[in-house]
Amino acid sequence: MPSLGATFGRGAATTAQWDIANADCVVIMGSNMAENHPIAFRFVMQAKEKGATIIHADPRFTRTSALCDIYAPVRAGSDIAFLGGLINYIINSERWLNDAFFREYVVNYTNIATIIEDNFQDASELDGLFSGWQAEKLSYNVDSWQYRGMDIPATLAEAYVHPSTEDPDKAIEKQQELTRRLPPSDRTLQDPKCVYQILKRHYAAYTPEMVERVSGCPKKTFLKVAETLLNNAGRERTGAWCYAVGWTHHTTGVQMIRAAAIIQCLLGNIGRPGGGILALRGHCSIQGSTDVPTLYNMLPGYLPQPSAMKPHKNFDRYVEVETPPTGWWHNFPKYIISLLRAWYGNAASAENEWRYPWIPKIVADHSQEPMMLAIADGLIRGLLLIGQNPVIGGHNSKLVRKGLANLEWMVVRETFENETASFWYKSPEAKDTNGAGPRAQDIKTEIFLLPAALPGEKEGSFTNTQRLLQWHDKVVEPPGDCRSDLWFMFHLGKRLKQLYANSQDPKDEPIKNLTWDYPTQGAQEVPSADAVLKEINGYTWPERKQIEDFKELKDDGSTACGVWIYTGVYPRADFNHARSRKPDLPDGPGTHLDWGFAWPSNRRIMYNRASADAEGKPWSERKRYMWWDGEKQQWTGKDNPDFSSNKAPDYQPDFSQGPKNGVDAHDGKAPFMMSADGKAWIFVPSGLKDAPLPTHYEPVESPVRNPMYGQQENPPVKKWARADNPYHRVGDPQYPYVITTYRLTEHHSGAIPTRFVPSLAELQPEGFAEIPPELAAEKSIANLDWIVISTARGEIESRALITERLRPFEIAGRRIYQIGMPWHFGWQGYATGDVVNVLSSIVGDPNTTIHEGKAFTCNLRKGRLQRPQQGVART
Amino acid sequence: MTARKKDSATDGFFSGLRNWAIPKQLAGQDPKSTAAQSELSRQLRPRLEEADRVGTSICPYCAVGCAQLIYAKGNDVIHIEGDPRSPINQGTLCPKGAATVSWMLNPNRLTKVKYRAPYSDHWEERPLDWAMDRIAHLIKRTRDETFVRALPDGTTVNHTLALAELGGATLDNEENYLIKKLCGGGLGMVWIENQARV
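Chains A and B supply the protein sequences, listed in that same order. Per my numbering, the very first residue in the first sequence carries number 1478; after that it's consecutive. Per my numbering, the very first residue in the second sequence carries number 1226; after that it's consecutive.
There may be inaccurate statements among the hints.
[What the hints assert, rightly or not] Below are the EDC-like pairs computed for lysine to aspartate or glutamate, each with C-alpha atoms no more than 16 angstroms apart in a straight line:
no., chain 1, residue 1, chain 2, residue 2
1, A, Lys1701, A, Glu1686
2, A, Lys1921, B, Asp1346
3, A, Lys1670, A, Asp1599
4, A, Lys1974, B, Asp1369
5, A, Lys1614, A, Glu1643
6, A, Lys1971, B, Asp1354
7, A, Lys1908, B, Asp1346
8, A, Lys2137, A, Glu1654
9, A, Lys2028, A, Glu2108
10, A, Lys1951, B, Asp1277
11, B, Lys1298, A, Glu1954
12, A, Lys1971, A, Glu1986
13, B, Lys1365, A, Asp1982
14, A, Lys1974, B, Asp1358
15, A, Lys1974, A, Glu1986
16, A, Lys1951, B, Asp1301
17, A, Lys1989, B, Asp1369
18, A, Lys1971, B, Asp1358
19, B, Lys1337, B, Asp1354
20, A, Lys2115, A, Glu2098
21, B, Lys1249, B, Glu1264
22, B, Lys1339, B, Glu1349
23, B, Lys1365, A, Glu1885
24, A, Lys1903, B, Asp1346
25, A, Lys2339, A, Glu2251
26, A, Lys1984, B, Asp1369
27, A, Lys1879, A, Asp1854
28, A, Lys1903, A, Asp1919
29, A, Lys2059, A, Asp2071
30, A, Lys1984, B, Glu1370
31, B, Lys1337, A, Asp1958
Note that these hints are calculated values from the structure, not bench results.
All chains, please: the whole structure from these sequences, using the hints.
Shown next, in the form of structure tokens:
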């Protein structure tokens, strides 16, 4: 979620799902919402019933398209060309230039007026590269992307000090400029180095004709989309955007979302009812697992994981470089010290750096893609796999399987035996008696398959796609030896503490001193999820009195807090706000503040200061949400203010009285308080590794040269070219077709929880490949024929589903075919099929290391694979 | 709805006719009155009548966060449905959410620990306690053999690169918190990832 984080300050959906019903226009792109988030899609339909126009842009005509007013076909991977076209259209339109609303919103609430360094050079000047490109390091030095005369710390955990600066002390000093004056700006937007003028130049080439050329979307359709967006923006009207993994699963995924974020800024749609960007995420607690990160590069609450590659050698230095002088993140020391107190209890003190050295330092990209390579290469020897099925969901599945056979041991916690747990005897390699293997007798991996408990059999909280924490009760005991993952981790921790109890080795101090005193219940000694949530919320130390708001957290060790952004979820010992189940009545206000708890501080629409004009008045009666109450001198409205509650709209920091820190350096018109300048970043000076402005690059595997720039692919894209992970070259005639992978309503991701469920397996019983009729005719393939789909990574077979849903595109005089495959299937369960991710490669977006499952290339032929020992019964 | 008793239906043709609602309604009785009742409908019982408790839950599939009500009798789940109070799903569920009960009560569900020894060609059933002890032992051994306190340049790292944890997006916040706390804060693991990225 770095794109939303880099633009707005927090990497999460800006709005609540039910608020989509208040939109006058909804754009769904990078998502098949009707099929993959059908219940959330109800709100889109409610908006439509109230007169909203619904737009779907996608390579595939889906049920979402069928229910929309406008369907815009775009080639897989060309989204930024389409979105850049919209930006270009908007900022040059009569409406946008003449309606005072847009000027007031963007000049006050975004960095559109901010002046960028004189030596900044745009991709339009450098054939697709920005200034600062270091070809030898395959990365950018972002010094020239900064605000003139300043250094702007990013809002992201990865990059408070922008990583390319050789001299962090110089960056820290330049950041101090933010405490002395507001960033330089030209509110008339005329300065050639202001963001607006850069934006104009950057997107000038993204004309409707270019959009059609690159994305294949007809000019007429594109113009209709652009007009619709503009007509539904302004004081009286708002529009919302919904996206999902159709955007994130690209090597340019972060920048696709960025492009939508820019459009929403330009149209004045952030922080307002019926506006915002809704990230439609895939798993029941996937937002929670980002906030409470089982991710390598963050500590809970988006705090930076200490890194050997950054100036983090000791606690003082870490805090010095990671604490920005302005913006909300200036409070960082309170959050990290409260976390260390929560983890190490009384063993932590100011004298021993709060035990900061005990937190392990990262030395590389430790995310899933390189993890699979490290497993294949034998660096990783033991793997705990908790509710994930990488043989299906991981990319280059054959490489993943080869790696699993290299592990010394593996623990799989699941409700069914999944493909990952059964690779050693059920994978095609293991079953192929004539193949190279490895087969079971060659595989050393010691495997533990532990049965997991489900919600209903355990209690705890999920954080859904709109940042909402909702508690689920334990209703029954789990069957047999099924246990919750809480039980597993707790009892594993207890055993390890016991094993290390008598160790005198300093390396074992962290595990010995880790606070682990959760109360348990019953004969199974089930640890109390309630007690864990209380620690997550935070309490005073040592009294353990719950705290109500993260503003109460201290940097002196007198508070302990596991996840600072969740503070308020358990504000009193007797009140679990996540369990709160009181919806608003039909007469409003419709923010449902007593249904669950939304971080931060139960705010439902983030950045909602922007729902009022510069003076603090609602933009219109129709879009009334939050406003400044001059009498009470506070912000009020339907939601909790995402702003300093008593900061007046006319507040101006008085820098003549000395430096201003934190949000004191922001004026009363700065709704995006996480960022250093309080503004939404149309132009991102730091935090992203690939571009300050979204730029069209082709997918790593593309049938065509980049029609817009000499630069073919995202310059700092993460690639691991090796014999077991080869890539196709651009326009490779051996792999002429574009393939995109997707999901079905009836199955869920790696699909272990659905392929074993009879009703769902009956509805979608096996894998298939959607191919357009023209391609089918060329290859003499009839509907339901077997076909073999191949890439340099491997080949699989599937039934052909001939359909007009995926249209071919004409690019540079060539017809490009696209095929589509749902990727849920494997050899386990009732619904089976070949593993589609055998085809894909390990490759990554430079910011997130997310793969490119939505756009790569392949070949296909009629027929079947020669696999006499197939494990899957076929007709 | 389920019918508890069927024997009255065997009383014979005339009693069946007497119980049939349509003749009564044709004879002039208000169709909204008890005339609409039959012997069968009188014996229909609500499916949830036997539930002795209900708990609130959240759908375990996608991230929309639909609220569910789980009805149980004794230690058996008997029904799961959408929670009508929820402002997100207002009682509705999609095909996956509606199948939650078939996931919970699935006969293929693992309920015992399965163990596969190195180079073995089969699973063995093992006691949970044994598996927990063995896993703790393996973690300790791998950690102890690979722990790095400092890099050659003197930078303290206090980590092991030989242990990895993958998964988390379907877990409770409390579970993820303990994973990060134990694996990261306790054991010094850095390979900690989940689907939230990929």
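Problem - Hints violated by the structure (listed by number, smallest first) - result: 9
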